[in-house]
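Number of protein chains: 2
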Amino acid sequence: MSEINHQVVVVGAGFGGLEFTRALAEAPVRITMIDKRNHHLFQPLLYQVATTALATSEIAWPIRHLLRKRRDVTTLLANVVGIDRPGKRVMLDDGSALAYDTLVLATGARHAYFGHEEWEPFAPGLKTLEDATTIRRRILLAFEQAERETDPVKRQALLTVAIVGGGPTGVELAGTIVELAHDTLRGEFRNIDTRSIRVVLIEAGDRVLANFAPEHSDYAEKALERLGVTIELGRAVTRCDADGVVFGDKELAAKTILWAAGVAASPAAEWLGAEADRAGRVLVAPDLTVPGNPEIFVIGDAAHVLRPDGRPVPGVAPAAKQQGKHVAALLKARLAGDATPRPFRYRHDGDLATIGKRAAVIDLGWLKLTGWPAWWLWGVAHIYFLIGFRNRLAVSLSWLWIYATGQRSARLITQGDEDKV
Amino acid sequence: MSEINHQVVVVGAGFGGLEFTRALAEAPVRITMIDKRNHHLFQPLLYQVATTALATSEIAWPIRHLLRKRRDVTTLLANVVGIDRPGKRVMLDDGSALAYDTLVLATGARHAYFGHEEWEPFAPGLKTLEDATTIRRRILLAFEQAERETDPVKRQALLTVAIVGGGPTGVELAGTIVELAHDTLRGEFRNIDTRSIRVVLIEAGDRVLANFAPEHSDYAEKALERLGVTIELGRAVTRCDADGVVFGDKELAAKTILWAAGVAASPAAEWLGAEADRAGRVLVAPDLTVPGNPEIFVIGDAAHVLRPDGRPVPGVAPAAKQQGKHVAALLKARLAGDATPRPFRYRHDGDLATIGKRAAVIDLGWLKLTGWPAWWLWGVAHIYFLIGFRNRLAVSLSWLWIYATGQRSARLITQGDEDKV
Chain A
54 MSEINHQVVV VGAGFGGLEF TRALAEAPVR ITMIDKRNHH LFQPLLYQVA TTALATSEIA
114 WPIRHLLRKR RDVTTLLANV VGIDRPGKRV MLDDGSALAY DTLVLATGAR HAYFGHEEWE
174 PFAPGLKTLE DATTIRRRIL LAFEQAERET DPVKRQALLT VAIVGGGPTG VELAGTIVEL
234 AHDTLRGEFR NIDTRSIRVV LIEAGDRVLA NFAPEHSDYA EKALERLGVT IELGRAVTRC
294 DADGVVFGDK ELAAKTILWA AGVAASPAAE WLGAEADRAG RVLVAPDLTV PGNPEIFVIG
354 DAAHVLRPDG RPVPGVAPAA KQQGKHVAAL LKARLAGDAT PRPFRYRHDG DLATIGKRAA
414 VIDLGWLKLT GWPAWWLWGV AHIYFLIGFR NRLAVSLSWL WIYATGQRSA RLITQGDEDK
474 V
Chain B
54 MSEINHQVVV VGAGFGGLEF TRALAEAPVR ITMIDKRNHH LFQPLLYQVA TTALATSEIA
114 WPIRHLLRKR RDVTTLLANV VGIDRPGKRV MLDDGSALAY DTLVLATGAR HAYFGHEEWE
174 PFAPGLKTLE DATTIRRRIL LAFEQAERET DPVKRQALLT VAIVGGGPTG VELAGTIVEL
234 AHDTLRGEFR NIDTRSIRVV LIEAGDRVLA NFAPEHSDYA EKALERLGVT IELGRAVTRC
294 DADGVVFGDK ELAAKTILWA AGVAASPAAE WLGAEADRAG RVLVAPDLTV PGNPEIFVIG
354 DAAHVLRPDG RPVPGVAPAA KQQGKHVAAL LKARLAGDAT PRPFRYRHDG DLATIGKRAA
414 VIDLGWLKLT GWPAWWLWGV AHIYFLIGFR NRLAVSLSWL WIYATGQRSA RLITQGDEDK
474 V
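Heads up: the protein sequence lines correspond to chains A and B, in order.
Heads up: the first sequence runs through residues 54 to 474, numbered per my numbering.
Heads up: the second sequence runs through residues 54 to 474, numbered per my numbering.
Worth flagging that the hints you see were computed from the coordinates, not collected in a lab.
Beta carbons: idealized from backbone N, C-alpha and C, even for Gly.
Heads up, some of the hints might be wrong.
[Unchecked claim] Here are some chain A residues the structure puts well away from chain B; computed CB gaps all over 12 Å: (1) T105; (2) P115; (3) A165; (4) D259; (5) V299; (6) W419; (7) A447.
[Said to hold, decoys possible] The calculated lysine-lysine pairs, modelled on BS3-like cross-linking and capped at a C-alpha distance of 30 Å, are: (8) K141/B / K207/A; (9) K141/B / K122/B; (10) K122/B / K180/B; (11) K410/A / K122/B; (12) K385/B / K122/A; (13) K207/A / K89/B; (14) K122/A / K410/B; (15) K89/B / K180/A; (16) K207/B / K89/A; (17) K410/B / K275/B; (18) K141/A / K207/B; (19) K421/A / K180/A; (20) K207/A / K122/B; (21) K180/A / K122/A; (22) K385/B / K89/B; (23) K180/B / K275/B; (24) K421/B / K89/A; (25) K275/B / K421/B; (26) K378/A / K410/A; (27) K180/A / K275/A; (28) K141/B / K410/B.
Using the sequences and the accompanying hints, generate a full structural model.
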């Protein structure tokens, strides 16, 4: 066997980076996987950690454990601080540098506040495990404080949750928080009735789940309203602070505000000094390379990619995985001497969202489902995509338990990152 | 039914406070349970969270959930800041006060540094869930940093764990950390062999497990050494800092130091202005009341109580539970008109400690066990005492999984309280 000299560096072990690394098995390369976290996170279920249904460890796995059998892969927990394009090096926070022949940036996205970063302390978003435990703490603490509050106006503000953004995350949070209050916490307080909670879902557009078919938005709105969620459409949020949220001419007193609106890409474009769209995503060529640097790829939420019809590829797990696979195939072809650029083609598998524990909408194009059949299919699909038998079993057990008893197992208020409020 | 006017306030929902509340079911009183946490913690298994075997939510339960069926109990999440003995009021951090007819202080203990509080940032102890996730983060981060470290001396310091204190917690941590390195993490790193970890257990006395029979200390020392733990006896620690630990004339370079030595009581004695022992525990009368205030009881780790032979009652869960039961019985008798003071009598059920996943020592007096029968009995006993079917099932599943595969499910590095190092 000849010596392997081609060094691949992957930054980010989300869905895209991990799929790329997997698809590159057996290729004549050495891979270094860098992530600033030690774990891969199953983001689609993060809202369930935020709402006490799942434990953090049920949806996160050590990256180096996932890649342990790949002797060609070295996993590093490190912060990237820059990229030296001419020198082909990734710069790390300890001053060291890693040389690459091929670089794949799969650094994902954070939530963004449309230029109002000052809202963040009052309206945490949901992208990391710490975000989820922060939101869990806020929600549970609001009930605890309401139990002690004697002023009825202050108490109502404590029992009001404003959710900004009517996409799948906002819809899923709204449904689950209502159920938490109505089923799980009911009867455990003496001075408040947890069912008097007010959950308000605020969406600037004219319907929730804007990416879905209009009839599904309709269904979701009705299902949410049946659960007791108030839906506010057509007005954008213009202020968030310790007292609540302002949208249009309305002012809502809410001690808990959750941000499920904009996302912004991680600093990949900055590291590269490359052109980016307004959300900070790198404008890549059709083959996902960075213009002028065919050895650098950007994939997943960090990349701005268009579909043939001109719409952007959505920031969802399947899109990131498809891009990871595409880049792996392209690199393998290159290593075999075929340097033809192959454009990435996105295949849209469908959209899913749940509303509480009995309703969901699924739109696979050829199949549109609502109600409990959709809910069960959603559950089976998520269990299937979870990594590892142990977690499939644990999450199945947690869900069956909640389904049967209404009780949630991870109702912990723990101190996390210092709260800024 | 006559109106119930007797107000009982319990501070602390640990083993003592919870058992007291349970034993008081059906008594003609109203109870307010105050805790600064929202959860009861099963402390005996906390070291398993610190060493990635169990998730936080597997050993902690919301207090108000545990007491949900008790309509006579109001649960409050609040910080006590003082006690007004003449006015019979508990002062809370929001400036409010709670009146009591009977007060039970079951506020537990923290770890203490024998007057060297400056060691705490370098040598975290293990009493809360946050302590456990801090220790988990430190241990996992040390391996991650060692993987990136090229200087062999610095690398060895990163792969050295010093544990201060040879009681059950120190012994259990030492055994589990070695197994984590040898079984769970093995083969997942490319630049280090995790089996080169050095775990040093430092005990100032002349044997580990000083509360056990000498032959059990012997057995535990041999079992630990067989696992690869270095035991250092007879020298007290005189310095802890970012470089390591000094004991006697020895200096050990260790990036991870864990504190399993002294405990100090919570501020109950301070709140009361009552007499306390050197560790801060309130010197209570034989019936567990505070001298001069027959309506105030102190139980569990916050109380200094002697056995008939003059030795102190140990700070273990069964002792706290027995005291909770005793005070409940005494209060019931009082409410029925019988004010005889009844001295508390401690019944020692035995001592248990595990060493890794195949050995344990159990000393029940009438039964002394070592080896795997002790380990299995230990496991069954802990599952039995866990609260709630859901957690029994979850912990059993986690343990069977580790036993069968060596894999641990909660290997997460999450940011918690700001690290002070």
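Here's how the hints hold up against the structure:
With 12 Å as the threshold on Cβ separation, the claim that T105/A sits away from chain B is violated: the shortest Cβ distance comes to roughly 9 Å. Residue-level check failed: P115/A sits 5 Å from the nearest beta carbon of chain B, not beyond 12 Å. Distance check for A165/A against chain B: the nearest CB is about 21 Å away, which clears 12 Å, and the non-interface claim stands. For D259/A, the shortest C-beta to C-beta distance to chain B comes to about 39 Å, beyond the 12 Å cut-off, and the non-interface label holds.
Chain B leaves V299/A outside its interface by the beta-carbon criterion, the shortest separation being 28 Å against a cut-off of 12 Å. In this structure W419/A is separated from chain B by more than 12 Å, as the shortest Cβ-Cβ distance comes to about 37 Å. Separation of A447/A from chain B is inadequate, the least Cβ-Cβ distance of about 7 Å not exceeding the 12 Å criterion. Of the supplied pair hints, the one linking K141/B and K207/A holds, its CA atoms being roughly 29 Å apart against a limit of 30 Å.
Only pairs whose Cα atoms come within 30 Å are accepted, and K141/B paired with K122/B is accepted, the gap being roughly 28 Å. Only pairs whose Cα atoms come within 30 Å are accepted, and K122/B paired with K180/B is accepted, the gap being roughly 28 Å. For the hint pairing K410/A with K122/B, the CA-to-CA distance comes to about 25 Å; that is within 30 Å, so the pair holds. The straight-line distance between the Cα atoms of K385/B and K122/A is roughly 63 Å, outside the 30 Å bound, and the hint therefore fails.
For a cut-off of 30 Å, the pair hint linking K207/A to K89/B stands: about 21 Å separates their Cα positions. Distance check on the hinted pair: K122/A and K410/B sit about 25 Å apart at the alpha-carbon level, within 30 Å; holds. Using a Cα cut-off of 30 Å, the hinted pair K89/B and K180/A holds, with the two alpha carbons roughly 28 Å apart. A C-alpha spacing of about 22 Å is found between K207/B and K89/A, which places the hinted pair at or below 30 Å, so the restraint holds.
For the hint linking K410/B to K275/B, the alpha-carbon distance of about 15 Å falls within 30 Å, and the restraint holds. The straight-line distance between the Cα atoms of K141/A and K207/B is roughly 29 Å, inside the 30 Å bound, and the hint therefore holds. Annotation: proposed proximity of K421/A to K180/A holds, straight-line Cα distance about 28 Å (limit 30 Å). With a C-alpha separation of about 27 Å, the suggested pair K207/A and K122/B falls inside the 30 Å cut-off, and the hint holds.
For a cut-off of 30 Å, the pair hint linking K180/A to K122/A stands: about 28 Å separates their Cα positions. Note on K385/B and K89/B: the hinted pairing holds, with a Cα-Cα distance of about 27 Å set against a maximum of 30 Å. Between the alpha carbons of K180/B and K275/B the distance comes to roughly 27 Å, so the proposed pair stays at or under 30 Å and holds. At roughly 48 Å between alpha-carbon atoms, K421/B and K89/A are farther apart than 30 Å, so this suggested pair is violated.
Proposed proximity of K275/B and K421/B is supported: the alpha carbons are some 17 Å apart, at most 30 Å. Pair hint K378/A plus K410/A does not hold up; C-alpha atoms about 33 Å apart against a cutoff of 30 Å. For the suggested pair K180/A and K275/A, the alpha carbons sit about 27 Å apart, so the restraint of at most 30 Å is met. A hinted pair counts as satisfied when its Cα atoms are at most 30 Å apart, and K141/B with K410/B does not qualify at roughly 49 Å.
The structure fails hints 1, 2, 7, 12, 24, 26 and 28 (numbered hints given earlier, in ascending order).
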